[in-house]
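Chemist: What follows is the residue order along each chain.
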Amino acid sequence: MPVIEVTDLRKSYGGRAVVDGVSFGVEEGEIFGILGPNGAGKTTTVECVEGLRVPDGGRVRVTGLDPVADHARVARVLGAQLQESELQPKLTVREALEMYASFYPSPLDWAPLAERLGLTAKLTTRFGKLSGGQKQRLFIALALIGNPRVVVLDELTTGLDPRARRDTWELIEDVRAGGVTVLLVTHFMEEAQRLCDRIAVIDKGRVAALDTPAGLIRRSAGATVISFTPSAPLDDRDLNALPDLASVEHKDGRVTLSGTDATVNAVITLLARHHVTAHQLRVVDATLDDAFLDLTKEAVA
Amino acid sequence: MSTAVLRTEIRLFRREPGAIFWILLFPTLLLVILGSIPGFREHQADLGGLRTIDVYVPVAVLLGMIVGGLQSMPQTLTGYRERGILRRMATTPVRPRALLSAQMAVYGGSALASALLALAVGRLAFDVRLPRQPFGYGLALVLAVLVALALGSVVSALSRTTKIAGAIGSAVFFPSMFCAGVWLPVQSMPHLMGRIVGYTPFGAAAEALNRAAAGHWPGWGHLGVLVVWILLLTGAASRWFRWE
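Residue numbers (full-length UniProt numbering), protein chains in the order written: chain A, 1 to 301; chain B, 1 to 244.
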């Protein structure tokens with residue numbers, strides 16, 4: 001049974017459907033990503049999972065419980081990091097950790113958690129005096145302090161420097177290794193590709209695709225990118241006739257094609273036939289970034 | 001109610017020197033300043049033989065409640081909502097309601113402490129008699145604290161931002177101080193004005209306290225006015241209050 005089950009979730013604000021029939025299930029011990037452009041309904045979806053919003057339609061279950069009707073029981077097993085929230089400005093880091101720990105039946109020991117998040121030197125600092133990154137790390141600590149079965153992290157690494165970001169990713173992987181299920185909302189492709197087992201791409205309130213990161217890349221039109229500098233100019237008609245071609249670009253004498261493995265084979269044959277040498281030939285897999293842009297293309301157009 | 005949240009809110013209150021001064025110390029300080037004016041320590045025929053300092057003790061008692069309930073609490077609560085502190089707490093097993101009740105306990109408790117301080121200083125420094133109907137006085141005191149908290153909750157319910165809470169709080173603050181008798185004790189008000197003021201929350205509270213101080217029962221009329229206000233304001237606050 002999935003730990004988080006969302007079935008045909010609907011939520012509108014002022015007649016506008018923000019979440020319009022979203023369904024997905026998150027298995028125990030999985031890191032599940034929700035990816036999507038701004039305003040796609042990602043945050044509203046996870047707020048329904050956290051029990052902060054009452055859905056207009058559909059069903060949400062966390063460990064089999066309704067997050068609204070059974071709020072107290074869900075809150076004991078679910079840790080949340082919200083996108084925009086603060087603490088009392090004069091509360092110190094240590095006091096916040098101690099207070100939040102006291103809310104849960106079997107909390108984690110706050111001292112090692114603070115150590116892990118690099119907050120030990122800041123324990124007596126008031127929340128209002130923390131930097132953006134330090135606040136973010138404190139909120140990650142507060143999401144984990146109740147020793148939850150499920151954590152929901154909304155924009156986990158926003159405001160963190162690259163070093164802290166990588167440390168946080170490692171922490172999330174460790175948390176998952178301990179059997180915790182992670183639901184992660186992100187904008188950040190590198191983060192999704194590195195951490196997530198599966199990703200739901202949400203666009204305009206609907207699930208546009210749901211797959212592993214590799215699966216999403218494979219199914220997007222330009223999964224493979226071929227670039228080279230030809231020794232002689234190539235006819236555009238020949239290039240456009242290549243199988244499975246998704247796009248062609250010319251820049252400073254360099255040709256960049258995207259397509260599939262069939263495109264790669266055909267372009268090599270084409271070059272051989274015309275006795276053209278491909279200088280600095282590179283064949284790379286597209287990134288999740290490319291797949292994401294492909295999947296949410298209409299939204300931009 | 002969560003004791004951890006209450007402990008935290010008490011701790012945070014102790015870090016607000018402004019609130020401590022205005023709620024706990026200012027009313028008694030005002031009493032001391034008025035008491036040092038010699039004329040205020042003389043018996044006045046138009047006050048029924050009381051001295052001005054005698055009638056200012058109940059005013060000082062109410063002042064801490066008005067400052068705490070109408071100025072400090074709405075600012076804090078609206079700030080907690082504006083900054084998403086209530087939302088963050090809503091994702092824990094402790095509901096944001098715990099924060100609301102802790103706030104009321106902190107401001108209610110400090111208003112009561114301020115009242116006791118004013119009574120004690122009045123007694124020790126200016127020989128103002130302690131209330132001769134202590135039970136009635138205590139009852140009026142508790143109802144006055146409740147009405148101040150209820151009115152403050154309505155202010156936070158109506159204010160989307162701390163700026164608005166400050167503006168609405170001040171708009172209610174000055175009339176409340178007037179009704180409590182800060183500028184003119186209720187006993188000295190012209191008859192009609194006194195009657196009208198007697199129907200306001202703090203006017204009724206001032207009258208009830210005065211009667212109990214003089215040794216009478218605070219009067220069911222005044223206590224009734226307070227109870228009606230508490231019920232109306234609590235109803236309005238719970239109807240309009242938004243958690244986010």
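Bear in mind the hints are in silico, worked out from the structure with no lab data behind them. We put the CB at the ideal spot given by N, CA and C, even for glycine. Misleading hints may appear alongside valid ones.
Some but not every residue of chain A turned toward chain B, in silico, with C-beta under 7 Å [claimed, not checked]:
no., residue
1, Arg76
2, Ser102
3, Ser106
4, Glu115
5, Phe188
Chemist: Just pull the numbers of the violated hints for me, sorted ascending.
Modeler: Per hint list: 3, 4 and 5 violated.
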